Amino acid sequence: MTTTTPEQTFVSEDQGLTIGRYHLASRLILGSGKYKTLDLMRDCLEASGASMVTVAIRRVNIQDRSEASFWSYIPKGMMILPNTAGCYNLQDTLRTARLARELLDTDLVKVEVLGDPQTLLPDTEVLLEATRTLVKEGFTVLAYTNDDPIVARKLVDAGAAAVMPLAAPIGSGQGILNPLNLRFIREIVKTVPMIVDAGVGTASDAAEAMELGVDGILMNTAIAEASDPLRMSIAMKLATQAGRLAHFSGRMGRRDTAAPSSPVQGTISVGS
Amino acid sequence: MTAVRLEINGKTEEVANGLNVRALLEAKGINPNLVACELNLTILKRAALADTALHDGDKLEIIQMIGGG
Numbered sequence: 013m014t015t016t017t018p019e020q021t022f023v024s025e026d027q028g029l030t031i032g033r034y035h036l037a038s039r040l041i042l043g044s045g046k047y048k049t050l051d052l053m054r055d056c057l058e059a060s061g062a063s064m065v066t067v068a069i070r071r072v073n074i075q076d077r078s079e080a081s082f083w084s085y086i087p088k089g090m091m092i093l094p095n096t097a098g099c100y101n102l103q104d105t106l107r108t109a110r111l112a113r114e115l116l117d118t119d120l121v122k123v124e125v126l127g128d129p130q131t132l133l134p135d136t137e138v139l140l141e142a143t144r145t146l147v148k149e150g151f152t153v154l155a156y157t158n159d160d161p162i163v164a165r166k167l168v169d170a171g172a173a174a175v176m177p178l179a180a181p182i183g184s185g186q187g188i189l190n191p192l193n194l195r196f197i198r199e200i201v202k203t204v205p206m207i208v209d210a211g212v213g214t215a216s217d218a219a220e221a222m223e224l225g226v227d228g229i230l231m232n233t234a235i236a237e238a239s240d241p242l243r244m245s246i247a248m249k250l251a252t253q254a255g256r257l258a259h260f261s262g263r264m265g266r267r268d269t270a271a272p273s274s275p276v277q278g279t280i281s282v283g284s
Numbered sequence: 017m018t019a020v021r022l023e024i025n026g027k028t029e030e031v032a033n034g035l036n037v038r039a040l041l042e043a044k045g046i047n048p049n050l051v052a053c054e055l056n057l058t059i060l061k062r063a064a065l066a067d068t069a070l071h072d073g074d075k076l077e078i079i080q081m082i083g084g085g
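Residue numbers (this note's numbering), protein chains in the order written: chain X, 13 to 284; chain H, 17 to 85.
Hints listed in this document are in silico derivations from the structure and should not be mistaken for laboratory results.
Any given hint might turn out to be false.
One-sided and incomplete, this derived list gives chain H residues near chain X with beta-carbon spacing under 10 Å [as the list claims (entries may be wrong)]: (1) L50; (2) V51; (3) A52; (4) N56; (5) R62.
Remember, predicted model here, so these are calculated numbers, not experimental data.
We put the CB at the ideal spot given by N, CA and C, even for glycine.
Construct the complete structure from the given sequences, taking the supplied hints into account.
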């Protein structure tokens, strides 16, 4: 007879993440950029337990075909989420999304429209327009956005299949800069998943995001630029689970004073 | 046959006349299943690559997926 531990029970209670018609067993989504080697990338993708990986769409280098083997390092069965990273206007964004659909035979797209190359913050006006257009064309749009609750609501209204506010600027590793806004967004985004995308630096950031009640996390640099990416990919997997468990555990109340954890009676102090 | 002048991924290039897109990809050692193509801003279906002739002045984009976040 096999017995189930509480840990197994609680972890198995998590049904995973549903984005449009897609189901992801893991709430962690990984990027595939900036790894020192493709072998390391594959190992991290596998170790993280992620069900989905983002990729960029770029021109083929006609002279140097060394990038052609990239696809073979994506673990079998992982869903591929093409992004529109590097696009600064509507035309390029739509064009990249449509090319990605032809390339990968997928309707999934992470719509990322950048506002400027210094901050890499999203141009949410163009993002909304791109989302509306691509949703009409049948895309499953995961919208990378600012931590702006109003834009988040408009993205839901525009038909986004997931709303993905940043924790901090892309690649900054600053952690969650505005937890209050993420809480506001959580209150607004109820009908589709809310996924924190960008800005996570280490495992505690991932746990904090999940504790806020978000449905998932997308990260790249926090793993790829860690000194030991493979170890960090496992840390992120555990932190994502830990944060979710904590979210549903009901955090204790905060006190402005200390409260002893051990009984105050029965101590052997002299004079009592 | 004379050559035709194309713009491939932003670079001007001369290729043999009468090539279709699939033949061009194969001549360059590019697996058609791992790329998507856009000819003069129109995306080509993979199945149509062999039926799409290239003409002088055509602008061809050949894209692939690479690492990104």
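_Indices of hints not satisfied (ascending)_ = The structure breaks only hint 4.
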